[in-house]
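Using the supplied hints, reconstruct the complex from the two chains, each of which is provided in its own coordinate frame.
So the protein lines, in turn, are chains A and B.
Our numbering puts the first residue of the first sequence at 1, with every later residue one more than the last.
Our numbering puts the first residue of the second sequence at 332, with every later residue one more than the last.
Keep in mind that a hint or two might mislead.
Claimed, not checked - If you anchor each label on the Cβ, the simulated ranges turn out as follows: (1) A:108 <-> B:392: 52 to 58 Å; (2) A:21 <-> B:404: 35 to 41 Å; (3) B:408 <-> A:138: 56 to 62 Å; (4) A:28 <-> B:343: 24 to 30 Å; (5) B:470 <-> A:225: 39 to 45 Å; (6) A:199 <-> B:408: 55 to 61 Å.
Keep in mind the hints are simulated off the structure, nothing from the lab.
All C-beta atoms, glycine included, are put in the ideal place defined by N, C-alpha and C.
Each chain, written out:
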Amino acid sequence: MTTSTIRPASDYPPGGDAFRHRHLIGIAQLTPWEISYVLDAAEEWVDLNRSGAAKHDDRLAGLTIINAFFENSTRTLLSFEIAGKRLGADVVNMHAAQSSVKKGETLIDTAMTLNAMRADAMVIRHGSSGAVQLIADKVDCPVLNAGDGRHEHPTQALLDALTIRRRLGRVEGLTIAICGDVLHSRVARSNILALTLLGNEVRVVAPPTLTPPAMERMHVRVFTDMDEGIKNADVVMMLRLQNERMDGAYLPSAREYHALYGLTPKRLEKAKPDAIVMHPGPMNRGVEIDSSVADDPVRSTITEQVEMGVAVRMACLDILTRRKRGVVGWN
Amino acid sequence: MELKPLHITNAQLIDNDTPRPGSLLVTGGRIAAIDPTELPDGTETVDAKGQWLAPGIIDLGVFATDKPAFHFGGITRAALMPDNGPLDGAGLVERAAKGGKPDLWVHPLAAATKRLEGKELAEIGLMKQAGARAIATGRARIADSGVMRRVLTYAASLGLVTIIHAEDEGLTAGAVATDGEMATRLGLASAPAIAEAIAIARDLALVE
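The following block holds chain B by itself, in its conformation from the complex (with noise of 0.2 Å):
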């Protein structure tokens, strides 16, 4: 399919800091130009009525491929967590993968261990094959420092970036806020802040 070029005019765009009234020029797909001077054939105008005209957003931490939600947010580019399923096999990551289309790039980040249980290493490797960028821990740590160590060398030797949830479980077991004023007076079950420092210290210490 042929695109059109799209001139975008009477937009405020966001570029660097501040939003400025202008217009843009889209070629076959891409930004051609800002403020263009000239115009190719058979260019199709979208007059934008003073609204905003931005890049689109990339989350790099979605839940679930919730393409409403993504369209009223502007973003345009998802990092998928494992969590739901879990991504923790080849054919899951492929089908995650294909979420997004044909309007958004749904990019899943594959389950480090099965089932996300923390104790066995997952298939990195088929799944990347399938389509992960990186893998990750999904909403809870693994806590046991040797699984996670296993992990760290498995997906550096496939290339694999490896995101982590950065909270100690047994610090904020039950815990909805962080330790203060705050929560001692409204009554609710807190953590200390340190709990997401331990567990950043405890993963650095093992990829050193």
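Pulled out of the complex, with its shape left as it was, chain A reads as follows (with noise of 0.2 Å):
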């Protein structure tokens, strides 16, 4: 495994020109340096994280995080959970299911509700595009979104960039396919524009009900054929399907999927011998990838993208509470 040279913070703006965001709300709003100086951020907290027993910083010491999730999540939820708390944050989640949304609170009155609770860091994930948003503008601190609907998951995409860089020894110049449910994914949009952002080449592979209209407008080539749209590429970065896609609606069967779109040892010949093969998690193993690949050593960095996640989060948690903590040059 390579590791990148980490530039150092000489190479970024100093103080909070580095990263001009009081949210992280998509990867749309962001410049390309800043997108580096996250993932650089990150490194860091990769070393410690793999320091052994005590992976402990406590500058965000005293600070109060909520996780409010209106949509069920275990990886993403878990991994905010744990970045804020090896920062030392207090953490606390609210589940839709437990919460007052169920009892039929508009949106804006349980973001006003958390607001008052005077958290100083929310992380939001909602299962309407603009969602999060719309909460950030309510609220005073600053929002991080952890997926809205099919719209954004930035630290997603950030995750993903840092495990290529790590795994390739950079994250520009590289063919990378994005294949799958792209229509319904904010992991493909998020990752669509970090990518294309930082130069490399970005394919969409899908079928056409599942690919999104204008998809040329974002600077990607589109393909249908599989074989075609992962020929030579460094990374094949495959989506997650939804159950609720394959019953006809937008797919014949599970069945065909795979035959046609399923990521197979042989399929994956067409991609470059030391092409990296990327998932969002959860797999559907069987459907859009087949176990041997997802479960190679070499190949897939599966395991590597969630290590990376908390990582990556660490550094967002920092980074965005700089100004709430008096960092000097942050304000």
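So, in structure tokens, the structure goes:
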């Protein structure tokens, strides 16, 4: 495993100019250097997380972080919770299932309630595109988008970029194929934005029923043939296919999807010999990806992505709370 | 009640294209003159203090008789869509027609089908007698072409206009935006613009 050089802080504008955002709503608002600033910051946390027993840094001690998840999540919620706790923050989780959302409270009322509890940062996931921005506009603390509808999932794109950079030594000038249900995927949208912004050739490989309209306007090449689409790719990024898409509405069957778009060892031969395989999880083994590919320790980065997720989220929480903590140069 | 002649002065008149300073005389509830030179006896004068004076706006597609909204929007006359209720019976139409009085004219549009379900003809003739000026399909179109054909011919025989919701329900299911780069970037469920053209094409073919 190669590790890339971390750029020194002197490569970036001083203080808060290195990352000029109050919230992290999407990759769409970021510049290329802001992305690499976060990635470089995350590298530090990778080292800490691997350092053995005492994986603690108390720079967020005394701050309250609310993870408000209006849509079910296991790994993203856990990842944000661990990230907050490793930085010493007091982390509380709000699940929609237990909340007053079920009692008919409006989203803005819920946001105002959370705001009144004086959170120092909020991490929000919601099933509707734009909901996180709506909340960010109403509250007084930094808001991190943990996924809104089919719009954006910025920390996923950042952790994917970090994983690629660590595995291949760079995340620019690469050919990256994003394959599967792009239509319904916030992971795909954030990754398309981040990876094109960093200067990669991004391809979208999907059945026509799962390709969003005007896709080429996002500077990607669109393929409906999987073998063509992953040809000579450096990175094959698979997306999860939701079960409810397979019942005939968008696709005839899971079996047919696997035959045409499933990542099999044979199909992977079309990509570059050292191409890596990514998946944001949770996987449908035998549908979009074969177990032998998913579990290949050389090609598959799936567990590494999860590891990078914690580091990237620590970096985001640290950077976005600097103003509140009065870090010099961040005001 | 006898209406006094009313002279509105110092207004910005909106007539053809540009606002222009002027005054206006109303007698017997109707516009009698613009920039009148002589005024009848007992004329009441109102100084508009340079504010705009425009014809009342007619809104042909409202979903509720919301008097404050009409007042602020300058709407004096409206056609009320049948969705609220829905307006599928003569009594409901008659009551809706009175809903704006005395300040506004509200013209109810009768539901084309019972409960606006797009399956059975509503009592269109009786609703016409109760004051309906046209029939409408509400916020959705009638998906069944056979039903739509019967609605159109029946309404035509009564001399009523049919107001359609021009949207193919299959193409627009779940959509909140029109297909395109912006919808894709914002992650919004979208529908192609032809959803409208298809619905209009079908109904035009049916009336031919």
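Task: Which numbered hints fail - done: Failing hints, ascending: 1, 3 and 4.
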